[in-house]
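> Chain by chain, the residues:
Protein chains: 2
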Amino acid sequence: MKTDLNNLAARTGEWLRGGGAENDIVVSSRIRLARNLTSYPFTSRATAEQRGELEAILSERIMKVDIAEGAAYLNLNELSPIERMLLVERHLISRELSAAEGDRGVAFTPDEVISIMVNEEDHLRIQVMRCGYELEDTWRIVNEVDNKLEHVLQFAFSTKLGYLTACPTNVGSGMRLSVMLHLPALVSTRHLEKVVNAVAKLNLVVRGLYGEGTQASGDFYQISNQVTLGKSERDIIQSMQDVIPRVLEYERKAREGLLTDNRKKVEDRVWRAVGILRMARFITSEETMHLLSQVRMGVNMGLVTSIDLKTINEILIQTLPAHLQKMNGRDLDSEERNIVRADFVRARMAKVS
Amino acid sequence: MKTDLNNLAARTGEWLRGGGAENDIVVSSRIRLARNLTSYPFTSRATAEQRGELEAILSERIMKVDIAEGAAYLNLNELSPIERMLLVERHLISRELSAAEGDRGVAFTPDEVISIMVNEEDHLRIQVMRCGYELEDTWRIVNEVDNKLEHVLQFAFSTKLGYLTACPTNVGSGMRLSVMLHLPALVSTRHLEKVVNAVAKLNLVVRGLYGEGTQASGDFYQISNQVTLGKSERDIIQSMQDVIPRVLEYERKAREGLLTDNRKKVEDRVWRAVGILRMARFITSEETMHLLSQVRMGVNMGLVTSIDLKTINEILIQTLPAHLQKMNGRDLDSEERNIVRADFVRARMAKVS
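Line by line, the protein sequences give chains F and S. Going by numbering that gives the first Met the number 0, the final residue of the first sequence carries number 352, and the count climbs one at a time with no gaps. Going by numbering that gives the first Met the number 0, the final residue of the second sequence carries number 352, and the count climbs one at a time with no gaps.
FYI, nobody ran anything at the bench for these hints, they're computed from the structure. Hints are supplied without guarantee of correctness; some may be wrong.
[Stated by the list, open to error] Simulated restraints, written as ranges between beta carbons of each label pair:
(1) F:77 / S:260: 39 to 45 Å
(2) F:262 / S:9: 46 to 52 Å
(3) S:334 / F:245: 52 to 58 Å
(4) F:326 / S:10: 47 to 53 Å
A virtual CB, placed ideally from N, CA and C, is assigned to each residue, including glycine.
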């Protein structure tokens, strides 16, 4: 299992591929479904013993239904804090599941498209993530996994309310749909607020890179649905399909505007970012993300051609604290990480010019 | 004459060579002597006609005494504002002489070691500049030039006061001795003020790169004597010889301290500067100087070996506004200069890694 996680850190998961529709702006599309068993109280109300039973049953059933070839189940209690953080950084588990105590785990496929958390706020959180703007495909896959699990598990469901969940905001479909976007031009032209306001009117919400309460880093934002009650899965997908194309249009117009108004200044910003990344000897995760965001914009504007989105995504994630430590095979304090990170980035970016 | 100035911009003059004693800190040593003819009023009191006569006599005599092979005399009225600024940027004339009106000029040798201004604040300002810490040699040369000129000109001299000058601070020897220093470590450790105060007690003064009233750019500072009255040339040289070794010691200790306390941070600062200079598409003269200062420190600390001081000095001066315009053969506004400057720096720094 330890070996698996070593490989994981160095590997390119699904959303890191950098492909998919509208990939100049859309990093990934993600759906998660909240599901609970009828026969047990919600996780927060369950005893340690009940949580232990839940974990045993759920992990066994998940592996039995064979969600996809090569899927593995990890008991989080058997992992070190760095290994748990590694899974958070890859969006395979939530920060909450990582920080929780007691029996809990996650099953995920080698391509990292599917991950299923056990004993998060809900007994099961089924997540499917695809790179690019791929709502239909993401929905098709998560639906398949949900159906497979429904054959072997009895989910709490009310004909009036729909799926019952620990938090009322998830009752109904139990679905949260999130699209992760890279919006550097809207940020730099200070038009992001308009988007946030427009999106809010449709009961959608804009969040940072790692979900609720996290800061947006490197101009990456997630747009997610806020409530599920009284809305079908189709309604939620439809509201996203109403909004995302408009956001994409705003961002593209802002990028064109930047190039038209002051191409040199944009080129300068992008290439200075390349210069610093290629030469720094000490760099924080936050600055790395900020600079890679500029480079990513440069690639998508056609200004930089000697690096691809996949490489940028890999550097982005592999310079996060847990990845850095896992790949170096040892614990590193914050100062050491800043040095090791700079060395790693320099090596990966050496050819960019 | 125009052709001469084109060559000048692209050429490496004496103080740009980057050699001489203590050249890790001392950029150049400079002495200028103020001299006036007995037979005319000081420049500021002379009529336009008298200034014309002075210019005719002085330029003729300067060329006649043959100060050095290949010396040329330029009448500043025949130069464009950019050409005059070019001479200021190279320290061949003062900003005051450039900005003045009426008949005035400068003679200088091809190696730019000797320059003689005509109709500055004094009728003659004889300047000798050497790279590195070379007080004795500089004094020897300026003395020779002064002697040659004294054979063919009658200088205003009082046996009681010494040489008479337009400004009382220059009366006596008429000598100003300036040593240009690169003090990045004292600046970054905030110990420069101590040096300024210590120097002031010895009647020396710390000034910016282009003399009185100018800002220090890129951590370059000049230490000069303040007054001349009642002091012999030897006294002035001696007071500089008392002070400079101590300043050099402070700066070297500060550099060692930076490396000992946080080598990585210093390396980071130096290499980021390289990265930005290698990649920027838009850069001001001030930022260029600031970043080149970091690189220069890196070279002198042994952190950067793929560029030499001569190249750094050349980039420093050739990216100044007049040099940039002269080398491009046309007037450039400030925005255009920032682009052309970035292109120039990028090309010159491409191999630094």
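> Against the structure, test the hints numbered earlier, and report the numbers of the ones violated in rising order.
2, 3
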